[in-house]
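If you read the sequences in order, they're chains Y and H. Counting from 1, one number per residue, gives the positions in the first sequence under my numbering. Counting from 612, one number per residue, gives the positions in the second sequence under my numbering.
FYI, nobody ran anything at the bench for these hints, they're computed from the structure. Glycine is no exception: its CB is placed at the ideal position from the N, C-alpha and C atoms. The reader is advised that the hints may include incorrect statements.
With a straight-line cut-off of 16 Å between C-alpha atoms, the simulated EDC-like cross-links for lysine to aspartate or glutamate are [to be verified]:
(1) H:K767 with H:E782
(2) H:K665 with Y:E418
(3) Y:K260 with H:E871
(4) Y:K266 with H:D929
Rough simulated footprint, nothing fancy, chain Y against chain H, three-plus residues with beta-carbon under 8 Å [to be verified]:
(5) 680–691
(6) 706–715
(7) 807–816
(8) 850–856
(9) 872–879
Chain by chain, the residues run as shown.
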Amino acid sequence: MSESNHSSQAQDMQVNDFVMTICTVNGSGSATANTTLFRALFSMGIPTSGKNIFPSNIKGMATWFVIRANAQGFTGRKLGDDIIVAVNPKSLAKDISYLHEGGVVFYADHLALPEDAPENLIYYPMPIKELMKGLDVPRNLRDYTENMLYVGIVSEVLGITKDALMAALNKHFAGKPAIAEANFKNVELAYDWAAANLEKKDVYTVEEMPPLNDYIMTDGNIAAGLGSLFGGMQFCSWYPITPSTSMVEAMIEWAPRLRKDPETGKMTCAIVQVEDELAAAGAAVGAGWAGLRSVASTSGPGISLMAETVGLAYFAETPIVLWDVQRVGPSTGLPTRTSQGDLAQIYHLSHGDTQYIIYMPGSVTECFDFGWRALDIADKYQTPVFVLSDLDLGMNYWMTKKFEYPNRPMDRGKLVWEEELEKFPEWGRYMDIDNDGIPYRTVPGNLSPRAAYFTRGTGHNEYGNYEEDPANWSKLITRIGKKFKNGIKDLPEPVIYRAKQDAAIGIIGWGSTEIALLETQHLLAEKGIHADFMRIRSLPSDTVTREFIASHQRNYVLELNRDGQLCNILKLEIEEYSQKLISISEIGGLPMSAEWATESIIAKEQEKYGK
Amino acid sequence: MESKAVPTVELNPIGLSLADYAGRPSTLCPGCGHNMVSNAIQAAVYEMGILPEKIIKMSGIGCSSKSPNYFLQRSFGFNSLHGRMPNLATGASFADTSVKVLGISGDGDSASIGLGHFKHVIRRNVPMVYIIENNGVYGLTKGQFSATTDLGLELKHQGVNVLPPLDLCMEAILSGASFVARAFAGDSKQMKEIFKAAFAHDGLAIVDVISPCVTFNNKDESLQSYTFGRQNVSPLQDIKFYLEHQREQILDFADGETREVDMPDGSVIVLKKTASDYDPTDRMAAFQMLAESYTERHFITGLIYIKRGTTTVHEHYDLVDEPLNRLSVERLRPSKAALDEINTRFG
Chain Y
1 MSESNHSSQA QDMQVNDFVM TICTVNGSGS ATANTTLFRA LFSMGIPTSG
51 KNIFPSNIKG MATWFVIRAN AQGFTGRKLG DDIIVAVNPK SLAKDISYLH
101 EGGVVFYADH LALPEDAPEN LIYYPMPIKE LMKGLDVPRN LRDYTENMLY
151 VGIVSEVLGI TKDALMAALN KHFAGKPAIA EANFKNVELA YDWAAANLEK
201 KDVYTVEEMP PLNDYIMTDG NIAAGLGSLF GGMQFCSWYP ITPSTSMVEA
251 MIEWAPRLRK DPETGKMTCA IVQVEDELAA AGAAVGAGWA GLRSVASTSG
301 PGISLMAETV GLAYFAETPI VLWDVQRVGP STGLPTRTSQ GDLAQIYHLS
351 HGDTQYIIYM PGSVTECFDF GWRALDIADK YQTPVFVLSD LDLGMNYWMT
401 KKFEYPNRPM DRGKLVWEEE LEKFPEWGRY MDIDNDGIPY RTVPGNLSPR
451 AAYFTRGTGH NEYGNYEEDP ANWSKLITRI GKKFKNGIKD LPEPVIYRAK
501 QDAAIGIIGW GSTEIALLET QHLLAEKGIH ADFMRIRSLP SDTVTREFIA
551 SHQRNYVLEL NRDGQLCNIL KLEIEEYSQK LISISEIGGL PMSAEWATES
601 IIAKEQEKYG K
Chain H
612 MESKAVPTVE LNPIGLSLAD YAGRPSTLCP GCGHNMVSNA IQAAVYEMGI
662 LPEKIIKMSG IGCSSKSPNY FLQRSFGFNS LHGRMPNLAT GASFADTSVK
712 VLGISGDGDS ASIGLGHFKH VIRRNVPMVY IIENNGVYGL TKGQFSATTD
762 LGLELKHQGV NVLPPLDLCM EAILSGASFV ARAFAGDSKQ MKEIFKAAFA
812 HDGLAIVDVI SPCVTFNNKD ESLQSYTFGR QNVSPLQDIK FYLEHQREQI
862 LDFADGETRE VDMPDGSVIV LKKTASDYDP TDRMAAFQML AESYTERHFI
912 TGLIYIKRGT TTVHEHYDLV DEPLNRLSVE RLRPSKAALD EINTRFG
């Protein structure tokens, strides 16, 4: 065990660049402590991410909170740890094994370090139980308070300021200054103990950076919920499922503040929990059909149950927005782990010819943005629209750009009431009057005797009447296809990050992996491999995507799934360049790391092209 | 000068004729019970003077669920998915609560594939009239047993039914329904009165209509045949429905012992005692009566259970009074100041 007496000044310090994992037990109340550390770094202007790696369990199993600080803004998942805060005896030996040489172990000193604990690490004991003796803490708050003590010790050793900690606590306990103050006192006790008793021996330190004024800190599910509320969502039906539940819970929390009608003080939206995802999809489609801006939020298994109903909405041309916060596969096991495995299922979900507009947010702020935009697009094209988020984006804390207020008025599409309906000499619910594939739509409550129609899945003509004539149906389903082609122009284009010099290869990704792929681009450049990076933000694919693929010799499509689902879709949609698309994909349940992506690309380059 | 004779068309209180409530020609089998149900719905709504535009017709899949096309052509309709009608009805009901929701379902729809939704829509208490056209058989797929087919019934291609039937009225009461009635498609007069009462109810109203399938399940011994219905029918009461302005007519009807149930719109259901003095406000008595009627093979019709003053699903959400689907976009988007506040809070 290292007991070196070198003073810290003698070493090269590693400033604002580390991965710290807090290794704890789930259900032990560490969320506030972990968030405080994360917020304190953020308030010092240091780009930071916080990822909660948790089991599908309520109490007693190992849980990890991973904080990555990186001055350059690369805050994606990184392999291995620089620092661990060890408070879980059960996982201690394994937790230590993930540390790099020179790594740091903050450990509660009542835990026995393993006998074979490596000597090339720095160990800081934390006398948590001893410090607790000086505090008068009710029994039910003991675990929670112990966690606040490690916040103090770790902060002192790393150089997180007391001001930053106070700011973090004030943010966390907004409007409850007494509670913030009480917590700060406990943090400060441990902080002062560390200052008096621990000598800095490791290289990791933080220094204040310019304030992150354009950024906020929140998660994708909250952003999605708020985006929906700012998008005028009027009806949401849902059934609890990890990891989408917190999106609806955010709406339930914020709706009374945001969606009370100023004139009457009454609500302008309803969020209804129902008995299963069949009912959630059905109620959302019923509401959408009846003219409400309607949202359902779920995860992969819920999408499977919703499939039949969403297919009906596609054929009946009913607007509805469906959020899929992706997790790993069916049933139990890895529902708390992230994935990009639902794209293939969703793109052509349900029976018959279907194809959906899919939004793929790659940041928390985009979850907000797409939250309101998807509602406009669903109304405009009278169709189900999917938004594919994932657990990493949805449930983890991210530093993200401030939310931007919608830059255009709400679009209800071709929804017509009595007066407008009178203007049409001839009208049928499925009549392509404007020759753009989008018919005019009436909804219940419209009192014009011409307004009503009878909705069914297939076998309807332009007037919504029953008809089995093949020519009729062929024409109608072709029109729906045309509607989609016209819709591509309204969808968000890919974001392209160009290499610093001409690049022969392209990297393509989607969703939450952007942060890892930006770092990959950077790491590759350091090794002399220049790559342009394009993040696709919607499907069906557009001409920008096509041109990007065409303009590179090889394009690596990186995804968190087994079979390269986006790559396969692109190969079909951009068939003439399919040879230029190479899939690199892996699914283990954790966010993508830049090291893995970089190594995988280099391996392919060497193996195939001898580069 | 002599005035020309004009054929008289009887108009209802809002000036519409029965024809204004018509649908498209039925394509169901001649003699199908469902056609009687369609006619009774049309007549009930016409007599009550409800504007057809103020009704939406929601249905699932099956012969029963096709039938909304055959009445109320001026009403919006949605022939949705097998067993999922309650889901779509729930969502649609929020759009404009002044529009009455009429759900049409069958025994396959409600007692099998959609039994879970059947019970939960009742538990939620979505204000709607929920009619089950119960023929004890899958008609559209040509004659399979359903979950309401009687135990031991023998059908041509199916053999003998070995599973006991579910009683949807009993399931409904168990799930917390506040209006449960049973009608017989062979008794249009009673069926129409029950439908009117259901439309006047302010919560979810279940009407289980025994509606014979003349093609696949009309054997005399079948619980859902015309013959069984006619031979074993025992109405719980003689039922009559009066709109508020018809209240003075009640005296003509109430010559025997009667119960009156005041409905929220000022209308009244009058129940005249028949053989027994059945109390439709007694939940336990309803269970007992339904259990006995099955074992003793009495075909019970009439108002089985009613409870006034329940809370509907909409009341939990404190929504604006005007139709939600007519709110202007300005009232649906929070202000920029509200977003600025959020950014500050999260910053």
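Does the structure break any of the earlier hints, and which numbers would those be? When the structure is compared with the hints, numbers 1, 3, 7, 8, 9 turn out to be violated.
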